[in-house]
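2 protein chains.
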Amino acid sequence: MTVYAAPTRDMLFVMTELAGLDEVAALPDYQELGVTDVAEAILEEANKFASEVLAPLNWGGDQQGARMENGQVISSPGFVDAYKNFAEGGWNGLSAPIEYDGQGLPELLNTPTYEMWNAANMSFALAPLLGAGATECIKHHGSDELKATYLPKMISGEWAGTMDLTEPAAGSDLSNVKCRAVPEGDHYLINGQKIFITWGDHDMTDNIIHLVLARLPDAPEGVKGISLFLMPKFLVNPDGSLGARNKVDCVGLEHKLGIHGSATCTLAYEDAVGYLVGNLNQGLMHMFTMMNEARLKVGIQGLAISERAYQAAVAYAKERVQGFAMKGTRGGSRVTIINHPDVRRMLMTMKSQIEAMRAFNYLIAMHMDMSAHHPDPEARKAYKTRLELLIPVTKAWCSELGIEIASIGVQVFGGMGFVEETGAAQHLRDARIATIYEGTTGIQAADLAGRKLVMDKGAAMASVIADMRAVEEQLAGASSDDLAAIRSSLGEGIKALSIGTEAMLAAMAQNPSAAIANSVNYLMLVGYVCGGWQMARAALVANQKLAAGEDTDFYQTKLITARFYADQILPKATALAQTVKAGGESTLALTEEQF
Amino acid sequence: MTVYAAPTRDMLFVMTELAGLDEVAALPDYQELGVTDVAEAILEEANKFASEVLAPLNWGGDQQGARMENGQVISSPGFVDAYKNFAEGGWNGLSAPIEYDGQGLPELLNTPTYEMWNAANMSFALAPLLGAGATECIKHHGSDELKATYLPKMISGEWAGTMDLTEPAAGSDLSNVKCRAVPEGDHYLINGQKIFITWGDHDMTDNIIHLVLARLPDAPEGVKGISLFLMPKFLVNPDGSLGARNKVDCVGLEHKLGIHGSATCTLAYEDAVGYLVGNLNQGLMHMFTMMNEARLKVGIQGLAISERAYQAAVAYAKERVQGFAMKGTRGGSRVTIINHPDVRRMLMTMKSQIEAMRAFNYLIAMHMDMSAHHPDPEARKAYKTRLELLIPVTKAWCSELGIEIASIGVQVFGGMGFVEETGAAQHLRDARIATIYEGTTGIQAADLAGRKLVMDKGAAMASVIADMRAVEEQLAGASSDDLAAIRSSLGEGIKALSIGTEAMLAAMAQNPSAAIANSVNYLMLVGYVCGGWQMARAALVANQKLAAGEDTDFYQTKLITARFYADQILPKATALAQTVKAGGESTLALTEEQF
Numbered sequence: 053m054t055v056y057a058a059p060t061r062d063m064l065f066v067m068t069e070l071a072g073l074d075e076v077a078a079l080p081d082y083q084e085l086g087v088t089d090v091a092e093a094i095l096e097e098a099n100k101f102a103s104e105v106l107a108p109l110n111w112g113g114d115q116q117g118a119r120m121e122n123g124q125v126i127s128s129p130g131f132v133d134a135y136k137n138f139a140e141g142g143w144n145g146l147s148a149p150i151e152y153d154g155q156g157l158p159e160l161l162n163t164p165t166y167e168m169w170n171a172a173n174m175s176f177a178l179a180p181l182l183g184a185g186a187t188e189c190i191k192h193h194g195s196d197e198l199k200a201t202y203l204p205k206m207i208s209g210e211w212a213g214t215m216d217l218t219e220p221a222a223g224s225d226l227s228n229v230k231c232r233a234v235p236e237g238d239h240y241l242i243n244g245q246k247i248f249i250t251w252g253d254h255d256m257t258d259n260i261i262h263l264v265l266a267r268l269p270d271a272p273e274g275v276k277g278i279s280l281f282l283m284p285k286f287l288v289n290p291d292g293s294l295g296a297r298n299k300v301d302c303v304g305l306e307h308k309l310g311i312h313g314s315a316t317c318t319l320a321y322e323d324a325v326g327y328l329v330g331n332l333n334q335g336l337m338h339m340f341t342m343m344n345e346a347r348l349k350v351g352i353q354g355l356a357i358s359e360r361a362y363q364a365a366v367a368y369a370k371e372r373v374q375g376f377a378m379k380g381t382r383g384g385s386r387v388t389i390i391n392h393p394d395v396r397r398m399l400m401t402m403k404s405q406i407e408a409m410r411a412f413n414y415l416i417a418m419h420m421d422m423s424a425h426h427p428d429p430e431a432r433k434a435y436k437t438r439l440e441l442l443i444p445v446t447k448a449w450c451s452e453l454g455i456e457i458a459s460i461g462v463q464v465f466g467g468m469g470f471v472e473e474t475g476a477a478q479h480l481r482d483a484r485i486a487t488i489y490e491g492t493t494g495i496q497a498a499d500l501a502g503r504k505l506v507m508d509k510g511a512a513m514a515s516v517i518a519d520m521r522a523v524e525e526q527l528a529g530a531s532s533d534d535l536a537a538i539r540s541s542l543g544e545g546i547k548a549l550s551i552g553t554e555a556m557l558a559a560m561a562q563n564p565s566a567a568i569a570n571s572v573n574y575l576m577l578v579g580y581v582c583g584g585w586q587m588a589r590a591a592l593v594a595n596q597k598l599a600a601g602e603d604t605d606f607y608q609t610k611l612i613t614a615r616f617y618a619d620q621i622l623p624k625a626t627a628l629a630q631t632v633k634a635g636g637e638s639t640l641a642l643t644e645e646q647f
Numbered sequence: 053m054t055v056y057a058a059p060t061r062d063m064l065f066v067m068t069e070l071a072g073l074d075e076v077a078a079l080p081d082y083q084e085l086g087v088t089d090v091a092e093a094i095l096e097e098a099n100k101f102a103s104e105v106l107a108p109l110n111w112g113g114d115q116q117g118a119r120m121e122n123g124q125v126i127s128s129p130g131f132v133d134a135y136k137n138f139a140e141g142g143w144n145g146l147s148a149p150i151e152y153d154g155q156g157l158p159e160l161l162n163t164p165t166y167e168m169w170n171a172a173n174m175s176f177a178l179a180p181l182l183g184a185g186a187t188e189c190i191k192h193h194g195s196d197e198l199k200a201t202y203l204p205k206m207i208s209g210e211w212a213g214t215m216d217l218t219e220p221a222a223g224s225d226l227s228n229v230k231c232r233a234v235p236e237g238d239h240y241l242i243n244g245q246k247i248f249i250t251w252g253d254h255d256m257t258d259n260i261i262h263l264v265l266a267r268l269p270d271a272p273e274g275v276k277g278i279s280l281f282l283m284p285k286f287l288v289n290p291d292g293s294l295g296a297r298n299k300v301d302c303v304g305l306e307h308k309l310g311i312h313g314s315a316t317c318t319l320a321y322e323d324a325v326g327y328l329v330g331n332l333n334q335g336l337m338h339m340f341t342m343m344n345e346a347r348l349k350v351g352i353q354g355l356a357i358s359e360r361a362y363q364a365a366v367a368y369a370k371e372r373v374q375g376f377a378m379k380g381t382r383g384g385s386r387v388t389i390i391n392h393p394d395v396r397r398m399l400m401t402m403k404s405q406i407e408a409m410r411a412f413n414y415l416i417a418m419h420m421d422m423s424a425h426h427p428d429p430e431a432r433k434a435y436k437t438r439l440e441l442l443i444p445v446t447k448a449w450c451s452e453l454g455i456e457i458a459s460i461g462v463q464v465f466g467g468m469g470f471v472e473e474t475g476a477a478q479h480l481r482d483a484r485i486a487t488i489y490e491g492t493t494g495i496q497a498a499d500l501a502g503r504k505l506v507m508d509k510g511a512a513m514a515s516v517i518a519d520m521r522a523v524e525e526q527l528a529g530a531s532s533d534d535l536a537a538i539r540s541s542l543g544e545g546i547k548a549l550s551i552g553t554e555a556m557l558a559a560m561a562q563n564p565s566a567a568i569a570n571s572v573n574y575l576m577l578v579g580y581v582c583g584g585w586q587m588a589r590a591a592l593v594a595n596q597k598l599a600a601g602e603d604t605d606f607y608q609t610k611l612i613t614a615r616f617y618a619d620q621i622l623p624k625a626t627a628l629a630q631t632v633k634a635g636g637e638s639t640l641a642l643t644e645e646q647f
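Quick mapping for you: the protein sequence lines, in order, are chains S and B.
Per the working numbering, the very first residue in the first sequence carries number 53; after that it's consecutive.
Per the working numbering, the very first residue in the second sequence carries number 53; after that it's consecutive.
It is possible that some hints are incorrect.
DSS-like mimics (lysine-lysine), calculated; alpha carbons at most 27 Å apart, straight line [as the list claims (entries may be wrong)]:
(1) S:K299 / S:K199
(2) B:K504 / B:K633
(3) S:K370 / B:K230
(4) B:K633 / S:K547
(5) B:K633 / S:K633
(6) S:K633 / B:K547
(7) B:K370 / S:K230
(8) B:K547 / S:K547
(9) B:K436 / B:K276
(10) B:K100 / B:K136
Keep in mind that the hints were calculated from the coordinates and are not lab data.
Here chain S stands alone, though its shape is the one from the complex (with noise of 0.2 Å):
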């Protein structure tokens, strides 16, 4: 099993020197609650919560998978009370609104909380993840009823919330949708059948609330049918009080390749009762306002599970003795492989990416903090733009990469990494999941491509692209080598993001089909190009800092792994920028009898 300490100087560089968090602290609506002043103590309690309860529970999590006893689900051992002190903390309701008892902390400020408690254990947040998104959804589309009733208990985490969406038959395409709910008075009758319900039942809280797509047995056929409703486990009392339980029952468990620790579950619904959340028939429309926000903290699972299985790899590296150092042949003593070149190929690429990662990840959330707070509606939208252009990377380049830097992890370890019990092949198998759930890469890579690259015909990718090459200018004026590495390997980035960019455009006005095919390939190239991006951004705030002294050994570092990334990651694009170019012609071109 792996330990886990929250690198907070890496994330206060990133909030604070990358991602604005002066700008959003500025916000009227954060103004009071001085963010900048509390942040520096908020990681560190956060890490002191990540780090010493809930990364000690991961592999219990993993070996001891959440169980099913007499119809009610048992959680992995100590998660329990691990979520009760997390709720006691505040944790849960850190970015929540404070009219229901949240602290209404700017998101900036609670993606690095996330990024802690997936690193910490991925299973155990997916509960909050998926109760956050919940209270989103009620937040914007419930009644004042609704939210009056269950948004304090939800955003303390007195009770939990869960996403009710899957169906056999109704996965990635949710307009397949069968569930059926029937109107009784103030409420309705649900019946049927959800699968992959993530933290669908458990007995860490006293009540769960489900929003759960379903269908009245009227509603027109496809995605324009749907409606969601709000189903607890326990009815609640006029006075709050719990009262009857409901009828939705776990029936199933799925056996997971990973996040044993959360429970998968198989619901059945038998006249549950449920309220309407917002309109008829809207009901995906409303679930999908909680969709950026879970996009957002899938492209964090993709980051968080990188740096817990980095750490791994440099603990195991920096004690792990085997062989010789290259320059004194067989006659020298033997050395840590941390002393291996190939194994410092290894850290690197792991180190580099996560690092350009978090850069992303936190500038998308500081573009949702803007794009809701900042007082100017012209601004609010541009921050909006850019936000919905980008979530698809955030979410599918992260998830992808993830899966990559886990695997990299299992490589550090070498034969050890294969056995269980080092808990490095926990990383990767956790990390699977999460280019699937939250829409499939290849569902990001369409919206990208497919709805957001086309809808404005690539006026907000070119806004990127602009920023881009201001800061490759920027570099410009540099005289280190490492900077004009970094910068001649920015420039060849962009150019490559914009040829992938305009042979995108071309191939959605002439061939779709082909066009799509190709839109991971596309995704991939702007994922890899925003990391450069970031790192070279990162790159120039080093090189002043250490002109001026400070911090040398953080900035340093920081200046190197950028570099880095610019060697060895950033050259990616150009061969994706070629694949884009290249056509999805002949991707297309077998008949399914050919397969």
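Chain S is fixed; fit chain B onto it per the hints.
Chain B alone, transformed into the frame defined by chain S:
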């Protein structure tokens, strides 16, 4: 759980039309065996055994792995009978020497059967794989008495063989082996412990023949003091019957990420009787005799598990209904997911790389045959040189792709891929070991860039590149768009390989550590371009056959698959060349503390 049927059509295509089965069959050593006549029948029979006997045991082997009972390892359900059938079918000795009751067939024919065993059941296939390695060592270095006593029964499969190399402090670096061997009469008494011994104990055969690395008390330190010993589980009486139980005991099994059906043993020797194989203190060198063969076979594992994952993904994609066809919007009827462009991309990414790996691996198998059996010593030497150069690429490139492709397989299944019962996840878990054992990817890359490439100053690689250019020129004559695109992409690939090779040679001369830090990138570059080279050759053959109207469905599919490889896979070469050219300095620039 997934099913498997061997892709015999493609196997035969690769053997006969790309890898030169006719030439191999015409070698004096094989001439009388009628290799070309029996090839298809052998593949069909092997397919029956693989698909009907081994494949159905794969999932059970995962769920109920090998276990210990009273100090004895009990194999997974069905494995004992399957192994007896395997031996009785003569599969174990297909390419073993006729003088020891093998069938003496070429590796080029043996290799497709290894692909089948590993695709059907990788855990099971490890038993004959390790046995063949042990056999090879004894054949080359054992005394006549050892050979007469042990080889026939090991080759028939009546007895199994293992390689006992690793110790807790001697993994990648075997020079640190601590096991002790003390001479006593005609044998040695061996004491010590080994770990990670694949199939180190089991109940599938009456006897298990261990090849053990150990050190005499007065042996020199390091690599030059290690000897190789043959240590039977049961001593063998002069009449060939089994005698006393030797003191080699399994004292523990690893709890692993995958290949659960294959016991990974900790073995303890207490005054265990061992017989010297070859010369004292030359054990490491003797053991390396079987290395090329073992590396090819692990490369084959990467190919095989990819094929298995691909077949599962195709079957699921043809069956799973989700979403709508792109052209008809939401009004149309729902379609199977194979109709979605991104699913096509995933399947083509799997298929094209599988076919490239197969072509490359079988070519290597042909080089093994030619380098051992060609009547002209000069020709033998030439084949051997190329074999030595490319064997680390076979092992590392294919095992890396195996992980990637098995992971794509999970992705095609979506949420169901994360559920263990579908079997997609098992393929990923099983595939994950292949980049680690038999020399990690990093070790293969160091062998390629640090030894093989440098040894002849790039001459062998230049000859490979010259052969690639000849294919590029052959493509020049063709008029079809597909061939033109393949030519252009291959040209870029060759350019990248030349640039990368020059950069690597220069770096090895100037800064070997930095060069080695880039060696995995270089190895992957060689792999992708070799794949492109073979797919281009396949496209040329397909083009001819299509012109002649032969088997148009197969050859059309092949041509399109080669085109896809050129469009979508081979561009990676350009990026990898850039990373090699960028140099490894930034990889090595951090201090240990900065991680």
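Hint check:
no., hint, result
1, S:K299 / S:K199, "holds, 22 Å"
2, B:K504 / B:K633, "holds, 19 Å"
3, S:K370 / B:K230, "holds, 23 Å"
4, B:K633 / S:K547, "holds, 19 Å"
5, B:K633 / S:K633, "holds, 24 Å"
6, S:K633 / B:K547, "holds, 19 Å"
7, B:K370 / S:K230, "holds, 23 Å"
8, B:K547 / S:K547, "holds, 21 Å"
9, B:K436 / B:K276, "holds, 25 Å"
10, B:K100 / B:K136, "holds, 16 Å"
In summary, the structure agrees with every hint in the numbered list given earlier.
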